[in-house]
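Residue-level listing of the chains:
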Amino acid sequence: MSAPKLLSANFGSEVSHRLDHYLERGGYDEARRVIAEVEPEQVIDQVKRAKLRGCGGAGFPTGMKWSFIPKGGDKPVYLAVNADEGEPGTFKDKYILTYEPHMLLEGMLICGKAVGCHKAYIYVRGEFDLPIERMEQAVAEAYERGYLGADVMGTGFPFDVVVHRGGGAYICGEETALLESLEGKPGHPRLKPPFPALVGLHGCPTVINNVETLALVPHITRLGADAFLKLGVESQGGTKLYCVSGHVNRPGIFELSPSVTLRALIDDYAGGMRDGAKLKAVIPGGLSAPVLRPDELDTEGSFEGLKQVNSMLGSAGLIVMDESVCMVEAMHTIIQFYAHESCGQCTPCREGTGWMRRIVERILAGHGRAEDTANLDSIARKITGTTICPLGDAAAWPVMGFVEKFRDEFEYFCKNGRSMVSGEKVGA
Amino acid sequence: MPKLTIDGREVEVEQGTTLIEAARRLDIHIPHYCYHRGLSIAGNCRMCLVEVEGAPKMMIACHTQAADGMVVHTDNDKCREFRASILEFILVNHPLDCPVCDQAGECKLQDYYMEHGAAGSRLDEDKVKKRAKAKQIGPNIMLDTERCILCSRCVRFTDEITHTHELGITERADHSEITLADGAWLDNRYAGCVVDICPVGALTDRDFRFKCRVWYLTAVDSICTGCGRGCNIAIHVNRDRPHKAGGARVMRYKPRENPEVNQWWMCDEGRYTYKQIDHDRLTEATVEGRTATVEEALDATGAALRKAGDAVGVLVATTATNEELYLARALFAGALGGHAAYLAPPQGEADDLLILADKAPNTRGAQEILGEQAADPVAWVKEKGVKAVVVVGEAELTGLKAEVDHVAVIATHPGKATEQAHVVLPGSVHAEAEGSFTNLAGRVQRIRVAVPPIGGAVETWRLLMELGDRLGHPFDFAFEDDIFAALADQLAPFAGLSHESLGRRGAPLGSGTTQPAEVA
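For the record, the sequence lines run as chains A and F. Here this note's numbering is used: the first residue of the first sequence is 4, the next is one more, and so on. Here this note's numbering is used: the first residue of the second sequence is 25, the next is one more, and so on.
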């Protein structure tokens, strides 16, 4: 369970974001070596064998994603770094941007070598003031000292990086909405196919990777694929950043092997439940992951492990709730978010999220009806799988999960006009 | 070429064909809102979800490409369930104001709800209040965002067809709204098309709205007369209750799809020319400025022409049909041994989409049938020694009356031509007779009778035949298609064509002898 801190060793440092500090730690050695000495296919193969899985939420094998980029095409290849970390309960990428911006840049350089890309954009969530400042500073330093630009570290390899500040829409973290936004358009996810690997930014082949994913890349080339894989589990190499928030004693960010169980994560790393309260529910992978009950927490915190309990690791943001939480009220918080953030393109998500929000608000106000619980479930089911992007699913899954696992609380609130937990009605 | 099965029937289609188009080949209509064949694929309405065997979820037929061996169901229980659910979602924030909505009766939301919708409503929440209700967004267009289902057809039209980008969607989620771009005004030359493609009552035409319920309208195939493009249209006629619309019979034009001519579109200049049909028409004959019966007027002109012998001529505007042009030629240049020429068409601006500089519908037909243009009508009569002339249509004729003994004008509206007339005969507009036009590209296209000639007006072709009778050269044509048959018999480019073979989409000159005309 104890894992080396590849990413988080310097989280909280006052100096780790500076180029000199990164260089003292051997920074950019891997990028220099890979650019100068390693063939693109070898890099991709190494990342594949290391079983690096995308840390944005979907867990897609990174090496495979890189291999989809066509070789020798006449269009430029772009790299878009997804730093639009907006999934509620998730706060890992902003730490990397803030404390290890050069590690991200180094990973980007290696990716650039692997896929033949010479221009990258870092799309950062608009609200991230300090991370953006740090990232911009790092890019400026790297240009000044020749780690970016027309001739990276004297290798003849050109690589340009632009830090792009997002406008604050959750949907722009969806990779094709991110591309639209980068192009200056509203963040509306694109129909697929074509996939971004073929038709991405400005119609050109594009790799879109999460910050954490790319920051792990220099460690793969440094440690080698086998050693990196050994840090993780069979299906997923390397360490993983877990964000734990909610009713625990030590909320925070933990870099661990994905072999860790959710229970150990809460009890051993996050200090157990706050004030000795009893655990009620855990949302394991960012807000959209289906909720888990206390008896489902012995599962491994890997992408595959969470699948076993019909949930998902997602962005590895754990939201821990104790028994003081009214699940109807919790669902309101969730559905309010999605109803606000739906981009509005697809009918089911645009109309369904707001409809569910209004039903929950009516229940909270004490005007619930017997059929509301079943209606919430059936509305959510009609949203899943019917939309262009996964936001529809992301909004529907928590509703389905809450209704399935805490149905009695919903039915009680509808029937009695007050919360089973607090005994109060909540809304106006 | 992938071969697939849709609803139990096999079909083979070209690589890249979408399921919605593959189904169309089998005459299977998959309900849709955002999909339009003339626009890019948006895939947002989700109405066209179908089941593809082996696919993990329902697929949108507008974007999913046919693949070999694919088995598709478009109307099984699952599809119907999803369709009903999409309609339920659309109606979450759609007002139930059909009785006061001008789109009622031609609304895809109404149509699909009747066919595919759920019976009852589960919705008891307040609807989202949108900002723009009955907001004017251009000279002719009203926007009602409460009725909008955000299919984005109008946005894509202004982005992809006119490239004018006036429209966009602002806000997110169920607050999303169609809106004008900053400082924009929906006044491009094709703006009316956004009303045509809006599947619901969100965009309506200020010229038409609230004038007539659409179920009182009859649609008749025709051709726009605004320029030489010959855009295919439907004339929408209010046959039963003109008294409810100030006596107007023709209520509007709608573009009719023709991939060879106008695709799905038409310009606003052409669209609103319908007003001429019922406005300021000549409804009675005059002789020397005095009201006369058509018989009296024909007699007067007949006598004048007889007196002139072969010093007779006819000048035909290029608004005339091929049939009228042919009769003019056959009578004046043929039977009477006189002269026939066409008048110069009015010229205007052209653009790179549909609008042509030649502002008449049948210049090409006139070129083919009469050959000679009389650029200066007064000089022409002098040169030819014409003493009695019949003018068909409108033209600048200043000084003509002084040059000849008799000028008869077959006209539809008072104008420059009637000012020079000894005799005025009230003729028909394109909506009042059968016939055909040949557009500038050489495509011969039919026009159909939408309304009878107004007031005391008579079909122009009948007036020309009546003159033939009075001059001892009767034609034995019973109907307009007989005239066309004679034309096709006499003039090689028209050979082999007939009104029937022209069908709804017309046929190119010269195609009658080599290939069968396309019948839609």
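Treat the hints as calculated values from the structure; they're not laboratory data. It cannot be assumed that every hint is accurate.
What the hints assert, rightly or not - Taking lysine-lysine pairs in the DSSO-like style, the calculated list, with each CA pair at most 30 Å apart, reads: (1) F:Lys81 <-> A:Lys195; (2) F:Lys151 <-> F:Lys132; (3) F:Lys132 <-> F:Lys157; (4) F:Lys268 <-> F:Lys299; (5) A:Lys188 <-> F:Lys153; (6) A:Lys408 <-> A:Lys385; (7) A:Lys408 <-> A:Lys418; (8) F:Lys268 <-> A:Lys54; (9) A:Lys195 <-> F:Lys411; (10) A:Lys188 <-> F:Lys157; (11) F:Lys154 <-> A:Lys385; (12) A:Lys385 <-> F:Lys159; (13) F:Lys102 <-> A:Lys195; (14) A:Lys385 <-> F:Lys425; (15) F:Lys81 <-> F:Lys102; (16) A:Lys310 <-> F:Lys154; (17) A:Lys385 <-> F:Lys153; (18) A:Lys428 <-> F:Lys151; (19) F:Lys268 <-> A:Lys188; (20) F:Lys132 <-> F:Lys159; (21) A:Lys188 <-> F:Lys411; (22) F:Lys102 <-> A:Lys310; (23) F:Lys408 <-> F:Lys440; (24) F:Lys132 <-> A:Lys195; (25) A:Lys385 <-> F:Lys268; (26) A:Lys188 <-> F:Lys154; (27) A:Lys281 <-> A:Lys51; (28) A:Lys385 <-> A:Lys418; (29) F:Lys331 <-> A:Lys418; (30) A:Lys385 <-> F:Lys81.
Taking the hints in turn, this is what the structure says about them:
Taken as a hint, the Lys81 (chain F) and Lys195 (chain A) pair is honoured in the structure, with Cα atoms around 14 Å apart against an allowance of 30 Å. Distance hint between Lys151 (chain F) and Lys132 (chain F) is fulfilled; the C-alpha atoms sit about 21 Å from each other, no more than 30 Å. Among the hinted pairs, Lys132 (chain F) with Lys157 (chain F) is consistent with the structure: their alpha-carbon atoms are about 20 Å apart, no more than 30 Å. Proposed proximity of Lys268 (chain F) and Lys299 (chain F) is supported: the alpha carbons are some 16 Å apart, at most 30 Å.
For the hint pairing Lys188 (chain A) with Lys153 (chain F), the CA-to-CA distance comes to about 25 Å; that is within 30 Å, so the pair holds. Note on Lys408 (chain A) and Lys385 (chain A): the hinted pairing holds, with a Cα-Cα distance of about 19 Å set against a maximum of 30 Å. Of the pairs offered as hints, the one joining Lys408 (chain A) and Lys418 (chain A) holds, with about 18 Å between alpha carbons and a cut-off of 30 Å not exceeded. Between the alpha carbons of Lys268 (chain F) and Lys54 (chain A) the distance comes to roughly 75 Å, so the proposed pair goes past 30 Å and is violated.
A hinted pair counts as satisfied when its Cα atoms are at most 30 Å apart, and Lys195 (chain A) with Lys411 (chain F) does not qualify at roughly 74 Å. For the suggested pair Lys188 (chain A) and Lys157 (chain F), the alpha carbons sit about 26 Å apart, so the restraint of at most 30 Å is met. Between Lys154 (chain F) and Lys385 (chain A), the direct Cα distance comes to roughly 25 Å. Compliance with the 30 Å bound is thereby established for this hinted pair. Proximity of Lys385 (chain A) to Lys159 (chain F) is assessed by CA-CA distance (about 33 Å); at most 30 Å being required, the pair is judged violated.
Only pairs whose Cα atoms come within 30 Å are accepted, and Lys102 (chain F) paired with Lys195 (chain A) is accepted, the gap being roughly 23 Å. Restraint check for Lys385 (chain A) and Lys425 (chain F): the C-alpha separation of about 77 Å exceeds 30 Å, so the hint is violated. In summary, the hint linking Lys81 (chain F) to Lys102 (chain F) is supported, as the alpha carbons are separated by about 11 Å, within the 30 Å threshold. Distance hint between Lys310 (chain A) and Lys154 (chain F) is unfulfilled; the C-alpha atoms sit about 41 Å from each other, more than 30 Å.
For the hint pairing Lys385 (chain A) with Lys153 (chain F), the CA-to-CA distance comes to about 24 Å; that is within 30 Å, so the pair holds. Restraint check for Lys428 (chain A) and Lys151 (chain F): the C-alpha separation of about 23 Å stays at or below 30 Å, so the hint holds. Proximity of Lys268 (chain F) to Lys188 (chain A) is assessed by CA-CA distance (about 47 Å); at most 30 Å being required, the pair is judged violated. With a CA separation close to 22 Å, the supplied pair Lys132 (chain F) and Lys159 (chain F) stays within the 30 Å bound.
Taking the CA atoms of Lys188 (chain A) and Lys411 (chain F), the gap is near 69 Å; set against the 30 Å cutoff, the hint is violated. Restraint check: the Cα-Cα separation between Lys102 (chain F) and Lys310 (chain A) comes to about 27 Å, which is no more than 30 Å; the hinted pair holds. Restraint check for Lys408 (chain F) and Lys440 (chain F): satisfied, since their Cα atoms lie roughly 22 Å apart, inside the 30 Å limit. Only pairs whose Cα atoms come within 30 Å are accepted, and Lys132 (chain F) paired with Lys195 (chain A) is accepted, the gap being roughly 27 Å.
Taking the CA atoms of Lys385 (chain A) and Lys268 (chain F), the gap is about 46 Å. The hint is violated against a cut of 30 Å. About 22 Å separates the Cα atoms of Lys188 (chain A) and Lys154 (chain F), which keeps this hinted pair within 30 Å; it holds. Straight-line distance between C-alpha atoms of Lys281 (chain A) and Lys51 (chain A) comes to about 42 Å, which puts the hinted pair past the 30 Å bound. In summary, the hint linking Lys385 (chain A) to Lys418 (chain A) is supported, as the alpha carbons are separated by about 25 Å, within the 30 Å threshold.
Distance restraint check for Lys331 (chain F) and Lys418 (chain A): the Cα-Cα separation of roughly 100 Å exceeds the 30 Å cut-off, and the hinted pair is therefore not satisfied. Between Lys385 (chain A) and Lys81 (chain F) the CA atoms are separated by roughly 11 Å; this keeps the pair inside 30 Å, and the hint holds.
Checked against the numbered hints listed earlier, the structure breaks hints 8, 9, 12, 14, 16, 19, 21, 25, 27, 29; every other hint is satisfied.
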